[in-house]
Amino acid sequence: MFISRTFAIFRKEVRHIVRDVRVLFLVTLAPAFLLLMLSYVFSLDYQHSKVAVLDWDKSAVSRDFIAQITADGDFTLKSYLSDYAGAEASLLAGDADLALIIPRGFGEDARAGRATQLQALVDGMNPLSARNAIAQLSARTSAFAAMRLGQSGALITLAKTADVHGRAWYNPAIKTLYSMVPGLLAVVMFMPAMAFTLALAREKETGSFEGLIATPVRGFEYLGGKLLAYTLAGMVGALVATLVAVFWFQVPFRGDLGTLLAMTALYFFATMSAGILIANFVTSQQTAMTIFLLAFFLPSFFISGLTQPINTTSLTSMLTSMPVPQTHFIAIARAIFLKGLGWDGLWEPALALVVLGSIMFTAGMLLFKKKVS
Amino acid sequence: MADASMIIETRALCRSFGATRAVDSLDLSIFRGEIFGLVGPDGAGKTTVLRMLAAILNPTAGHATVAGFDTVKKSEAIKAHLGYMSQQFSLYGDLSVLENMNFFADIFGIKRQARAGRIDRLLDFSRMRKFSARRAAQLSGGMQKKLGLACTLIHEPEILLLDEPTTGVDPVSRREFWDILTELHITGTTIVVSTPYMDEAERCSRVGLMYQGRLMVCDAPSRIRMMVDGELLAFRPENLQRAAALLNGQPGVLEIQTYGDLLHIFVDAAARRGPEIIERLAQAGLSCAGPWPAQPRMEEAFISLIGKQAGK
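Chains as they are written, first to last, in this note's numbering: chain A, 214 to 586; chain Y, 533 to 844.
Because the hints were derived from the structure by calculation, they are not lab data.
Just so it is clear, CB atoms sit at the ideal spot from N, CA and C, and this is done for glycine as well.
Honestly, I wouldn't trust all of these hints.
[Said to hold, decoys possible] Here are the in silico distance ranges between beta carbons for each label pair:
hint, chain 1, residue 1, chain 2, residue 2, range
1, Y, Ala544, A, Trp560, 54 to 64 Å
2, A, Thr500, Y, Asn771, 19 to 29 Å
3, Y, Glu690, A, Ser497, 34 to 44 Å
4, Y, Ala612, A, Thr500, 29 to 39 Å
5, A, Thr500, Y, Arg659, 34 to 44 Å
6, Y, Ser672, A, Phe246, 37 to 47 Å
7, Y, Asp559, A, Ala478, 33 to 43 Å
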């Protein structure tokens, strides 16, 4: 009885999803679209930096160095300068985002293994992109010292930058895109859960809920069947978005697709359970969507570790970020993409999703009433 | 239960929404096999009563028993015995007629063997066979109501609760719908139906008249018709409004209702007051055809009873 009624709800729900183009889009394609948009918005270093170079050294090493940092196209060599005034002028005029000054004797010092310094002038109008450019430049500088000269990565330093990076293991080029896209993938996967919440509200809005609660169907069967249908449809969405991340953004995928999809299912369980909780209190799709966006979409960017790491020493920051499913799924998605971790390395955030989901699902079930409001 | 044949019973049933009393101390007894009509103007509390009987709304005071189960404590036990059709179209517009019926058959756990025959019969019964593959949203209003009824009948419930099933439906479909209800009545199904239409109320075995949350009268239509004081005379004056104004307060005139181009006047004694009324109108220079003796219908009785209640 329980299985067959759950299946009846499931089948009806799948028909709704497939037949309603808007819902179908929301669940299967919208996450990928949102991922495309947000990735460009959030990946600052994807925009190229224009570089003006003042080369006092004019040695083979300095020319090699310039060729090396501009090799992958993220830095475009804009002009060669003849003096400091030119550097300042080109930054002011916006001809260059970054002026690189190579001191006399740079090549000799570097080859001899003597510590040497480069100077970088950055347009500070946009601190974020300035910091980004510096970070990328210092990463390339270390890489150059290590690979071209066979010296320690710390040999060449950038003047006036405190944060010289060591070699980043999982993201060698420190492209924010690589860590941003998997994080955003986690963020955009809230959409199937939103569609699910809207479907719950829609039954109330159209009146079909009133007919349904006058039948022997139990809350568990009704919500369970719906949840299964949207989880399944959401998997399609997750797959499409993952393909976009891997083939469009070329983010390295070091993990296992099956693990990612299984984790996505856990994430759906947690977010859809929150949807069940929300849907108990609303009778219109409009309200459901507003609450869902405010409670899920917005916090994703601020407290879930997407844009800056969670401060694990601050109680407040832990208390706000841990109850949010995105926090755990962002960590999972990044770890699967960039580190290739499997279940043994991910059981903690996975367990967090299960626990959060179970709490909200239970609360949602307890509050669910087969009554008209 | 007080009476073995009683299938629905409410005692001092109340439901408030904030400060509004939607249903006020309702005592109702409905017997097995009846077609019971709940009539009353909009906002009288009919929908609230039906929702409480369907166990999808809890009363704020009092209690109700349906098919022997308390609607609050045993709300889920009731639902297998019940077919409830809300006022709003409550099926799935993007599912076909057949898919909707199969869905409810699944929900009620109708076994495969029984199902095919039953759906077949319901399609014939509701005259929907031709449309079985059509999406429910593409059906006319009347057909949607019939599909709704077919879906509530899929588990052959003992009790049917229908909330204004014919509101907004064309007269032909309305008649057809009531023919179906009559067939169900004959097979012994207990039907509680709310309606704003008096001709439908006449087709019920008993009628409960609701007004402002209270049950004013509850009896067979023929007896409700008799409850109106006095005798009814019909007139056709040349100026309806002026005539009505003139006759208001005339000795022996109990109540005046306009009806198309007719005046329906309840008087204490028809033989004496008829000519008096004609004379009064003639004095004022108004010619008037009639009087004709008339049978009070539910409509007149209804308006008269409500008028009295409102005047209190």
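Evaluation of the provided hints:
{"no.": "1", "hint": "Ala544/Y / Trp560/A: 54 to 64 Å", "in the structure": "holds (58 Å)"}
{"no.": "2", "hint": "Thr500/A / Asn771/Y: 19 to 29 Å", "in the structure": "violated (54 Å)"}
{"no.": "3", "hint": "Glu690/Y / Ser497/A: 34 to 44 Å", "in the structure": "holds (35 Å)"}
{"no.": "4", "hint": "Ala612/Y / Thr500/A: 29 to 39 Å", "in the structure": "holds (33 Å)"}
{"no.": "5", "hint": "Thr500/A / Arg659/Y: 34 to 44 Å", "in the structure": "holds (40 Å)"}
{"no.": "6", "hint": "Ser672/Y / Phe246/A: 37 to 47 Å", "in the structure": "holds (38 Å)"}
{"no.": "7", "hint": "Asp559/Y / Ala478/A: 33 to 43 Å", "in the structure": "violated (54 Å)"}
Checked against the numbered hints above, the structure breaks hints 2 and 7 and satisfies the rest.
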